[in-house]
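S.K.: Chain residues, written in single-letter form:
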Amino acid sequence: AQSVTQPDIHITVSEGASLELRCNYSYGATPYLFWYVQSPGQGLQLLLKYFSGDTLVQGIKGFEAEFKRSQSSFNLRKPSVHWSDAAEYFCAVAPRGGGGADGLTFGKGTHLIIQP
Amino acid sequence: EAGVTQSPTHLIKTRGQQATLRCSPISGHTSVYWYQQALGLGLQFLLWYDEGEERNRGNFPPRFSGRQFPNYSSELNVNALELEDSALYLCASSLGEDAYNEQFFGPGTRLTVL
Numbered sequence: 098a099q100s101v102t103q104p105d106i107h108i109t110v111s112e113g114a115s116l117e118l119r120c121n122y123s124y125g126a127t128p129y130l131f132w133y134v135q136s137p138g139q140g141l142q143l144l145l146k147y148f149s150g151d152t153l154v155q156g157i158k159g160f161e162a163e164f165k166r167s168q169s170s171f172n173l174r175k176p177s178v179h180w181s182d183a184a185e186y187f188c189a190v191a192p193r194g195g196g197g198a199d200g201l202t203f204g205k206g207t208h209l210i211i212q213p
Numbered sequence: 606e607a608g609v610t611q612s613p614t615h616l617i618k619t620r621g622q623q624a625t626l627r628c629s630p631i632s633g634h635t636s637v638y639w640y641q642q643a644l645g646l647g648l649q650f651l652l653w654y655d656e657g658e659e660r661n662r663g664n665f666p667p668r669f670s671g672r673q674f675p676n677y678s679s680e681l682n683v684n685a686l687e688l689e690d691s692a693l694y695l696c697a698s699s700l701g702e703d704a705y706n707e708q709f710f711g712p713g714t715r716l717t718v719l
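Here the protein sequences line up with chains Y and A, keeping their order.
Residue 98 is where the first sequence starts when you use this note's numbering, and the numbers rise one by one after that.
Residue 606 is where the second sequence starts when you use this note's numbering, and the numbers rise one by one after that.
Just chain A, same shape as in the assembly:
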């Protein structure tokens, strides 16, 4: 069974540009979570999608947005990039919305903002 996949592996952008990151969940999983892992800040919850809807977002500005498609894949968009957006962005998927459903993580997309 294929795991969670993310693309691209690495992404280099300049300040002010937009970045789009993609995530394909494990087959059958309807929930997708996005996390940011920035140096010194640890792993922080960004967004949660379930059944095509944004269900919750963490403490991040509105320029972080995304969507979930009918096939449950997801994309994260970061507009007006700032230097501090440089981080590893991890996507996770789970069977459903309950917290006891294990979240399976992808390998991440390394975003570098110059």
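Bound-form chain Y, shown alone:
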């Protein structure tokens, strides 16, 4: 069965510092890959997605992610974080070509704390 691992439950970063959130997946074939953000009391917002092509994808709010097939990873990065980036971040996968049958499979999330 497919699974998504986000090894860091909490990460604390100083405002203005760079950020990297890790995501590894276990899947038979390269799935579609997503990063979502959830602010307190709100639903999920899509930051970026990878389907094919260039392995470095750009998203909203200055985020980017790099797909590495050899490592089954899809890590999220931001060069300089802002206090408003404090939120819960979820990595998710969906089967390629499989329709919406299984929905999205999510990691457990990483809680990002921004220090002033």
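Heads up, some of the hints might be wrong.
Quick list of simulated restraints, FRET-style, between CB atoms [as the list claims (entries may be wrong)]:
no., chain 1, residue 1, chain 2, residue 2, range
1, Y, A98, A, P666, 36 to 46 Å
2, Y, S177, A, P666, 38 to 48 Å
3, Y, H208, A, T717, 36 to 46 Å
4, Y, H208, A, N684, 25 to 35 Å
5, Y, Q99, A, R715, 26 to 36 Å
6, Y, S100, A, Y705, 44 to 54 Å
7, Y, Q99, A, R668, 22 to 32 Å
8, Y, Q99, A, P666, 15 to 25 Å
9, A, H615, Y, A114, 12 to 22 Å
10, A, Y705, Y, E163, 11 to 21 Å
11, A, G701, Y, T127, 20 to 30 Å
These stretches of chain A come out as covered by chain Y in the derived footprint (C-beta under 8 Å, 3 or more residues) [as the list claims (entries may be wrong)]:
no., segment
12, 644-650
13, 705-715
None of these hints come from the bench; they were simulated from the model.
Since the model is a prediction, treat every value here as computed from it, not as a measurement.
Cβ atoms here follow ideal geometry from the backbone N, Cα and C, with glycine treated the same way.
For this one, chain Y is given, so just place chain A on it according to the hints.
M.R.: This is chain A only, laid out in the frame that chain Y set:
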């Protein structure tokens, strides 16, 4: 353009009761997904509806059910509520059934079972 809306925002029930949660998708979206976000368990896929039909369900008991109406809105019913059903229930909609169609999420309904 209005986003995905869910009602109610909060719902408090007691064990054994039934809960009904509602979701209105983005206009033009035919697929609706339900997810449960329970403390310690993360986000788990519950149900998928497309074009009025239930297409798939996650690993949840049959007391979790729902339907999709002709206008593509959806409701989730949870019967015989148990304490562990306390969670945030998120609804998402997408243009169609293919997984590359972005899922847009609503703000969720917080269900508390006492």
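S.K.: Take the hints in turn and mark each one as holding or not.
M.R.: Consistency of the hints with the structure:
| no. | hint | in the structure |
| --- | --- | --- |
| 1 | Y/A98 - A/P666: 36 to 46 Å | violated (19 Å) |
| 2 | Y/S177 - A/P666: 38 to 48 Å | holds (46 Å) |
| 3 | Y/H208 - A/T717: 36 to 46 Å | violated (22 Å) |
| 4 | Y/H208 - A/N684: 25 to 35 Å | holds (33 Å) |
| 5 | Y/Q99 - A/R715: 26 to 36 Å | holds (28 Å) |
| 6 | Y/S100 - A/Y705: 44 to 54 Å | violated (20 Å) |
| 7 | Y/Q99 - A/R668: 22 to 32 Å | holds (26 Å) |
| 8 | Y/Q99 - A/P666: 15 to 25 Å | holds (22 Å) |
| 9 | A/H615 - Y/A114: 12 to 22 Å | violated (36 Å) |
| 10 | A/Y705 - Y/E163: 11 to 21 Å | holds (19 Å) |
| 11 | A/G701 - Y/T127: 20 to 30 Å | holds (22 Å) |
| 12 | 644-650 | holds (count 4) |
| 13 | 705-715 | holds (count 9) |
Checked against the numbered hints given earlier, the structure breaks hints 1, 3, 6, 9 and satisfies all the rest.
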